[in-house]
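Okay, here's what each chain looks like letter by letter:
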Amino acid sequence: MIRPQPYAPALVFLAGLALLAPTAQAVEYSQVQPAASKLEFTFKQMGVPVPGHFKRFDARLRFDPARPEQASASFSVDLASIDAGSPEANAEVAGKQWFDLPQFGSARFVSSQVRPLGGQRYEVRGTLNLKGQTREVVATFQVKEEAGRAVFTATLPLKRLEFGVGAGPWGDTSIVADQVDVRLQLLATPGK
Amino acid sequence: MSAETRYRGPAILAHWLMAALILALLPLGFYMQGLPLSPAKLQLYAWHKWVGMTVLLLAVLRLAWRLTHRPPPPLPGPAWQLQIAALTHALLYLLLFAVPLAGWLMSSAKGFPVVWFGLLPLPDLVGRDEALGRLFQIAHQGLAWGMAILVLLHLAAALKHHWVDRDGTLARMLPGPRP
Ligand code: HEM
Chain A
1 MIRPQPYAPA LVFLAGLALL APTAQAVEYS QVQPAASKLE FTFKQMGVPV
51 PGHFKRFDAR LRFDPARPEQ ASASFSVDLA SIDAGSPEAN AEVAGKQWFD
101 LPQFGSARFV SSQVRPLGGQ RYEVRGTLNL KGQTREVVAT FQVKEEAGRA
151 VFTATLPLKR LEFGVGAGPW GDTSIVADQV DVRLQLLATP GK
Chain B
1 MSAETRYRGP AILAHWLMAA LILALLPLGF YMQGLPLSPA KLQLYAWHKW
51 VGMTVLLLAV LRLAWRLTHR PPPPLPGPAW QLQIAALTHA LLYLLLFAVP
101 LAGWLMSSAK GFPVVWFGLL PLPDLVGRDE ALGRLFQIAH QGLAWGMAIL
151 VLLHLAAALK HHWVDRDGTL ARMLPGPRP
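Residue numbers (my numbering), protein chains in the order written: chain A, 1 to 192; chain B, 1 to 179.
Bound-form chain B, shown alone (with noise of 0.2 Å):
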């Protein structure tokens, strides 16, 4: 029996789903807090609280998914930047959750609460609290930063790893055929 040495369906998908996801909210959420009110405005608030939380939904499943899934071992290269990797991802992992996790907090402290895709209403994690929603609005920003840094470290690598070492890294998480 061979090894696997393809990421599973699953994987993939939950992986460009979410990555789809998350470069449509960095440079929303970039955008749309420097506008002035506007009824645009709250419609995109309101889209990138639901798109928000769709990702914190697909976080929880992912990583159900890869606690009971081994993924494939990495391809062999220098250990430096196999231990880059392995801490890029174990970061990505974190943020996935603490950045909408961040996010919903701020709503709920601000007296917002969200109600995903106008229909269903969940719980505010906090009671109303001006001081506590401007924290959790530092932290939001803060860790969305961070997801942006380690986003375009991460792109770069794959493209490095799809371009320059012309290895399989970017293809394992491709959908195709299983070898």
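The shape of chain A in the complex, shown without the other chains (with noise of 0.2 Å):
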């Protein structure tokens, strides 16, 4: 025999507030997700554009959308595991000139400040510590946030001579350029 039960009118008012609970209050996103995550980079090779990724990399991210000055980013890049664009290639960047990935194996970012640019639009400054390098680099970065998850596109231009990289006769930027243009693409869910 069903019968109405004398607190369902309170169950839906309080299923209704858990449906306006994220949009009404401030969520703070916590949980990168790697498998809808990607590093990417593209260089220029005798004015080519040459794209390349990182395989495995470790991103943490804290994002209040309401309080975008207290968000904190960092992340870890395993350098073993890029691909520069071919497997000769691949071989040539572990090596003393580029990475020196028997010395320094990963690189390492941590951010210090966050600010608003307006839009979704924000700029992430930090250090960054690349074949035993420390610098400040200065990123942008949006988000789109969407079905409860956020993506985070940053774009960070670096020198990679600033950090030796491409050393000796790889110094010479009318073949390799100077610039390396990074693109980290984050997915990232509320934190509990």
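Think of the hints as simulated: they come from the structure by calculation, not from any bench.
There may be inaccurate statements among the hints.
Mimicking DSS-like on lysine-lysine, the simulated pairs with C-alpha atoms at most 27 Å apart in a straight line are [what the hints assert, rightly or not]:
1) B/Lys160 / A/Lys44
2) A/Lys55 / B/Lys110
3) A/Lys96 / A/Lys55
4) A/Lys38 / A/Lys144
5) A/Lys159 / A/Lys38
6) A/Lys144 / A/Lys96
7) B/Lys110 / A/Lys159
8) A/Lys44 / A/Lys159
9) B/Lys41 / A/Lys38
10) A/Lys55 / A/Lys131
11) A/Lys144 / A/Lys55
12) B/Lys160 / A/Lys96
13) A/Lys96 / B/Lys41
14) A/Lys38 / A/Lys55
15) A/Lys38 / A/Lys131
16) A/Lys131 / A/Lys96
17) A/Lys131 / A/Lys44
18) A/Lys131 / B/Lys41
19) A/Lys159 / A/Lys55
20) B/Lys41 / A/Lys159
21) B/Lys160 / A/Lys159
22) A/Lys44 / A/Lys96
Just a sample of chain A residues kept apart from chain B, beta carbon distances all over 10 Å, derived [to be verified]:
23) Gly47
24) Arg67
25) Ala89
26) Ser112
27) Gln142
Not everything, but these chain B residues come out facing chain A in the computed CB check (under 8 Å) [claimed, not checked]:
28) Gly34
29) Leu37
30) Ser38
31) Pro39
32) Leu42
33) Gln43
34) Ala46
35) Lys110
36) Gly111
37) Pro113
38) Leu122
Even glycine gets a Cβ: it sits at the ideal position worked out from N, Cα and C.
Can you join these two chains into the complex? Each is in its own frame, and there are hints to help.
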């Protein structure tokens, strides 16, 4: 025998609140989904843009759209997981003149400050440690929120020679340009 | 009105320009691919691609000229020689397109777009695909070898006409006054 529950209206009310909660209240995105995230870069070789990416990296972030100044991010990249365009290039960049993998296996970025630029765009400053060099770098990123997840797309223009990457004869920037454009895309969901 | 006995200026210019470029590209191609990765290798590859694309462009212009202008009829000779000459010329025409096209396809499939002389970005013919890249690499190498052999045959025949038969075959492809 089905009979109406006396507390049904209260349940409906609570369910309604729960649905409203994510929009009414700020969320903090902190769970990075590695499978849906990627770290890519493009450099110019003899005037030709060559794309590459890293297969393994670990990214952490905390980002509350209501309080972007308190956001923080860090990532660490397994440099050996590079795909620099060809097997030959991958072997070459492991060497002393490029990443010198036996000595410096990973690169690390830690943010120090996040500043809103208007719209969904932000600027993040931080330090990048690469091949034993630590330098302040500035990236811009964009956030797209959709269905309880956020996609962060960051672009970071780097000067490889500031980090001694591609030294010796490879320092000739008419062959491999100094600038490397790094693109990080992260998909994150709110933390518990 | 006398029949043409010589090639016309544009055909002669295209012939020798392409001959010079191909005689540079063939040894360059064979030499550069064995080098260890270095800035110099990247530079040679880039020049090889740029000059190779120039050959493709010239091939288009040359074929257009050829299709709209009859070449002078061949000088008399044994039928088998005329047949082999016609076949060699047809194959060379084919390779003038096939060799650079295979190179361009290889470059696209390997994920290296061609930017002509570092200035003019050319479209990728196919998307990045390692297996396809290897296939076009083999095709490019095989076709380039075929071209090298035909060019040698072509060269030997031209010199034989000039020095052994002492006929006007080579002269009609050389710049000179029209008779
Ligand atoms: C008429 C024009 C061309 C000629 C005669 C030519 C000839 C050659 C030859 C002889 C080789 C060495 C083959 C071997 O390893 O056995 C070679 C390699 C190569 N060619 Fe070309 N080529 C031409 C056009 C092009 C074009 C247009 C491109 C690209 C846009 C290209 C890209 C390459 C590359 C990347 C290699 C090295 C392949 C490897 O690393 O094994 N070539 N070419």
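Okay, the hints, checked on the actual structure:
1. B/Lys160 / A/Lys44: violated (48 Å)
2. A/Lys55 / B/Lys110: holds (19 Å)
3. A/Lys96 / A/Lys55: holds (21 Å)
4. A/Lys38 / A/Lys144: Within the cut-off at roughly 16 Å; holds.
5. A/Lys159 / A/Lys38: The hint holds at about 21 Å.
6. A/Lys144 / A/Lys96: violated (39 Å)
7. B/Lys110 / A/Lys159: Status holds; Cα separation ~26 Å.
8. A/Lys44 / A/Lys159: holds (12 Å)
9. B/Lys41 / A/Lys38: violated (30 Å)
10. A/Lys55 / A/Lys131: Judged against 27 Å, a Cα distance of about 19 Å means the pair holds.
11. A/Lys144 / A/Lys55: Given pair A/Lys144, A/Lys55 holds - Cα atoms ~23 Å apart, limit 27 Å.
12. B/Lys160 / A/Lys96: violated (55 Å)
13. A/Lys96 / B/Lys41: holds (19 Å)
14. A/Lys38 / A/Lys55: holds (8 Å)
15. A/Lys38 / A/Lys131: holds (21 Å)
16. A/Lys131 / A/Lys96: holds (10 Å)
17. A/Lys131 / A/Lys44: Holds: A/Lys131 and A/Lys44 sit about 21 Å apart, inside 27 Å.
18. A/Lys131 / B/Lys41: holds (25 Å)
19. A/Lys159 / A/Lys55: Holds - the C-alpha atoms of A/Lys55 and A/Lys159 are around 21 Å apart, at most 27 Å.
20. B/Lys41 / A/Lys159: holds (23 Å)
21. B/Lys160 / A/Lys159: violated (59 Å)
22. A/Lys44 / A/Lys96: holds (21 Å)
23. Gly47: violated (3 Å)
24. Arg67: A/Arg67 is indeed farther than 10 Å from all Cβ atoms of chain B, at 41 Å.
25. Ala89: Given a closest Cβ separation of 7 Å, the condition is violated.
26. Ser112: holds (35 Å)
27. Gln142: holds (26 Å)
28. Gly34: violated (12 Å)
29. Leu37: The hint holds - B/Leu37 has a Cβ within 8 Å of chain A, the shortest such distance being about 5 Å.
30. Ser38: holds (7 Å)
31. Pro39: holds (4 Å)
32. Leu42: Cβ of B/Leu42 sits 5 Å from chain A, so the hint holds.
33. Gln43: holds (6 Å)
34. Ala46: At about 4 Å, which falls below the 8 Å cut-off, the nearest Cβ of chain A leaves the hint on B/Ala46 intact, so it holds.
35. Lys110: holds (7 Å)
36. Gly111: This hint holds: B/Gly111 lies near chain A, its Cβ roughly 6 Å from the closest one there, short of 8 Å.
37. Pro113: B/Pro113 check passes; min Cβ-Cβ to chain A is 6 Å, inside 8 Å.
38. Leu122: Since the shortest Cβ distance to chain A is 10 Å, the answer is violated.
Of the hints listed earlier, those the structure fails to meet are numbers 1, 6, 9, 12, 21, 23, 25, 28 and 38, in rising order.
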